[in-house]
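Residue strings, one per chain:
Protein chains: 2
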Amino acid sequence: MATLTKNDIKITRTETSKISSIDFNNLAFGQVFSDHMLTCDYKDGKWHKPEVVPYGPITLDPSSKIFHYGQSIFEGMKAYKDNNGDRFLFRPMDNVKRLNLSAKRLAIPELPEDYFMEGLKALLDVDQDWIPTNEGSSLYIRPYVFATGNGFHASPADAYKFIIATAPSGAYFSGKVNVLIEEQYSRSANGGVGFAKAGGNYAGQFYPTQLAKDKGYQQVIWTDDTTHEYIEEAGAMNVFVRINDTLLTSPVSDRILDGITRKSILQLAEAEGIKTEVRKVKVSELVEASKNGSLKEMFGAGTAAVISPISGFGFRGDDFEIPEQDQSFASQLKNRIVAIQTNKAEDPFGWRVKL
Amino acid sequence: MATLTKNDIKITRTETSKISSIDFNNLAFGQVFSDHMLTCDYKDGKWHKPEVVPYGPITLDPSSKIFHYGQSIFEGMKAYKDNNGDRFLFRPMDNVKRLNLSAKRLAIPELPEDYFMEGLKALLDVDQDWIPTNEGSSLYIRPYVFATGNGFHASPADAYKFIIATAPSGAYFSGKVNVLIEEQYSRSANGGVGFAKAGGNYAGQFYPTQLAKDKGYQQVIWTDDTTHEYIEEAGAMNVFVRINDTLLTSPVSDRILDGITRKSILQLAEAEGIKTEVRKVKVSELVEASKNGSLKEMFGAGTAAVISPISGFGFRGDDFEIPEQDQSFASQLKNRIVAIQTNKAEDPFGWRVKL
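Those protein sequence lines, which keep their order, are chains Z and G.
Using my numbering, the letters of the first sequence correspond one by one to residues 851 to 1205.
Using my numbering, the letters of the second sequence correspond one by one to residues 851 to 1205.
Among the hints, erroneous ones may be present.
Note that identical chains are pooled: a pair holds if it fits in a single copy or bridges any two copies.
Stated by the list, open to error - Using 20 Å as the maximum straight-line C-alpha spacing, the simulated EDC-like pairs for lysine to aspartate or glutamate come out as follows: (1) Lys1132 to Asp964; (2) Lys954 to Glu1120; (3) Lys1146 to Glu1135; (4) Lys1125 to Glu960; (5) Lys1132 to Glu960; (6) Lys1063 to Asp1169; (7) Lys1184 to Glu1135; (8) Lys868 to Glu1033; (9) Lys1130 to Glu1120; (10) Lys1132 to Glu1174; (11) Lys1184 to Asp1169; (12) Lys1065 to Asp944; (13) Lys1132 to Glu1120; (14) Lys868 to Asp911; (15) Lys1132 to Asp894; (16) Lys1146 to Asp873; (17) Lys1184 to Glu1127; (18) Lys1146 to Glu1174; (19) Lys954 to Asp1064; (20) Lys1194 to Glu865.
Calculated directly from the structure, the hints in this document are not laboratory data.
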């Protein structure tokens, strides 16, 4: 099959742009949406050519399997614009490949990589004015696939829809976050779908997260569901811990998302001369390190939040504060990654993709 | 708040009934849908009155959280009609209560019980002609709730839709099923959402089930995700095992659905003088019992499949056949439960609800 290029993609433009109604200086996260979206249908056993169309409603039968059996996966990406107006993506092929890993686990047909990448490029050509240039803002990109096929039988759908929608966005969190280490509820099972960006992984976290919020925390740090002795991830972020001058993070597994920001940070830290260790981290080790003063930092890492410093953690009714660092790894690494993403620094890793 | 009754519910009838196009003698499971549905919206912090409307398309914004974060729950019920044309439900309040247990775990606002029950009654008045009377057929009822609120932030939606749709249906499985005992993939985590009827629980099973189908099995029997030593449930069914003359089934837990058919079978078996044990069942015990001839039967139990006899199981590359029984518990109990459901027998348990 010939490869699709962005110029092959049919574009239907909106008649009335919303862009003049958007306050780009006061953007929340993922609440206003650009004028267009990419849409692509799977039916009759294959993915049909993607098209760019005006952002608008989706109509489904009440028996569509998305409503019943949770077949949905997504990715999170960002587009950046520099002072010259050049536009950039960050490691986009990693998102393409991970979407297809998620697809396979959720019994969703894998998507041709060029449909995703060339479709995204065509969309970002049409909506290039929607990429914010303010510091800390970017165009959040949400590629997702969900079951549209009909019927109440609990089996994979015979039709799916792939969409890329975009939202000019500000910060995901404002300020540091205080986290609760969770021992009762779990995010994912051994042999489950925790490594995938599956919709159901998120819904299952909302209730325990709400209980944590009611106690004054903003996020939950999940532990393994078997022993609850090891920290895993924070649901929307991977977790890093600095003990003395070593940066630790859990290995990825079938329970833990292989975060693109996570692996970028590991490479960046190495390049910056920061010692890293990828190994399982015990909750008891965190508590001990907090007590003896060797716990210097914790932070979350993910596309939406980039690097999100953690101010402290709760565990079994006790709160452990993490003191402010003058020279924090979180700031150092966040500055580096954002500079690369936004074309303010060289990119020795080949991560940045110019559009 | 005054209780809603079915007569308070606004009804908008379809202008063109599809019923004459349906072949009630050849019904698949959940593939044709009755003329109407009940619909009920949660917004502005409350559930609004349900209405009966023509079965028809649902329109959503591309950022609706159902597409992204898997907030969806459902129930499965059936309506039966006897030879006098009287209509019956089976333990419907158990579905109402379980829907709200699922809702709580998935951070979905709980539904007023009368909105569900009185709404269902109103719907089944309007669509009473859709309840099949053929042996083995029934009107499958699908109550479900999903997130309609918009936005890419990974947090609970601010709007939801509750729908009851119905589908005149034949058998879920045709004939006995051959199952695979799964040791690599898992259905649910300790502290997870396995006990809830959450959409995501089903999507996660499709791929391992497909792998099992490729090997010649129709269903997977899930084991606990920590040790894989104990059988749990079959995803769409709870599992019963007969060893000699004792009927065993796993206790429900946060990983195992509290099936209404399951608990009805336990009560029925007791009334029939069948010895039951609710305890964890080891895979090794099944293998041993199969080898020494004490494994007499296995069957699945659930609303859709009622009681579904299992012809054998695969485990670690070996196949264990379960011989045909002249006097099977599966047949005896299925006949009893169906007779009660369809008003062909007395109902000493008070399970049947006449509409």
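Could you place Lys1065 and Asp944 in one of the four classes (within, between, both, neither) given a Cα distance threshold of 20 Å?
Answer is neither: 37 Å inside a copy and 32 Å across each miss the 20 Å cutoff.
Checking Lys954 and Glu1120: alpha-carbon separation at most 20 Å within a copy, between copies, both or neither?
Answer is neither: 32 Å inside a copy and 44 Å across each miss the 20 Å cutoff.
Copy assignment of Lys1146 with Glu1174, given that the CA separation must stay at most 20 Å:
Within one copy, since 8 Å is at most 20 Å while 66 Å is not.
Identical-chain pair category, Lys868 with Glu1033, by Cα at 20 Å:
neither (45 Å within a copy, 52 Å between copies)
At most 20 Å between CA atoms: does that hold for Lys1130 and Glu1120 within a copy, between copies, both, or neither?
within (19 Å within a copy, 48 Å between copies)
Within, between, both or neither, where Lys954 and Asp1064 count as close if Cα-Cα is 20 Å or less:
between (37 Å within a copy, 15 Å between copies)
For Lys1184 vs Asp1169, is the C-alpha pair at or below 20 Å within one copy, between two copies, both, or neither?
neither (26 Å within a copy, 55 Å between copies)
Please sort Lys1132 with Glu1174 into within, between, both or neither, judging by C-alpha distance up to 20 Å.
This pair counts as neither: shortest intra-copy Cα distance 23 Å, inter-copy 51 Å.
Checking an output row: Lys1146 and Asp873, CA cutoff 20 Å. Within, between, both or neither?
Classified as neither; 38 Å inside a copy, 70 Å across copies.
Regarding Lys868 and Asp911, is the shortest C-alpha distance of 20 Å or less found within a copy, between copies, in both, or in neither?
between (29 Å within a copy, 16 Å between copies)
Treating 20 Å as the Cα threshold, decide for Lys1184 and Glu1127: within, between, both or neither.
Classified as within: same-chain Cα gap 19 Å, cross-chain 57 Å, threshold 20 Å.
For Lys1146 vs Glu1135, is the C-alpha pair at or below 20 Å within one copy, between two copies, both, or neither?
within (13 Å within a copy, 51 Å between copies)
The structure fails to meet hints 1, 2, 4, 5, 7, 8, 10, 11, 12, 13, 15, 16, 20 from the earlier list, while all remaining hints are met.
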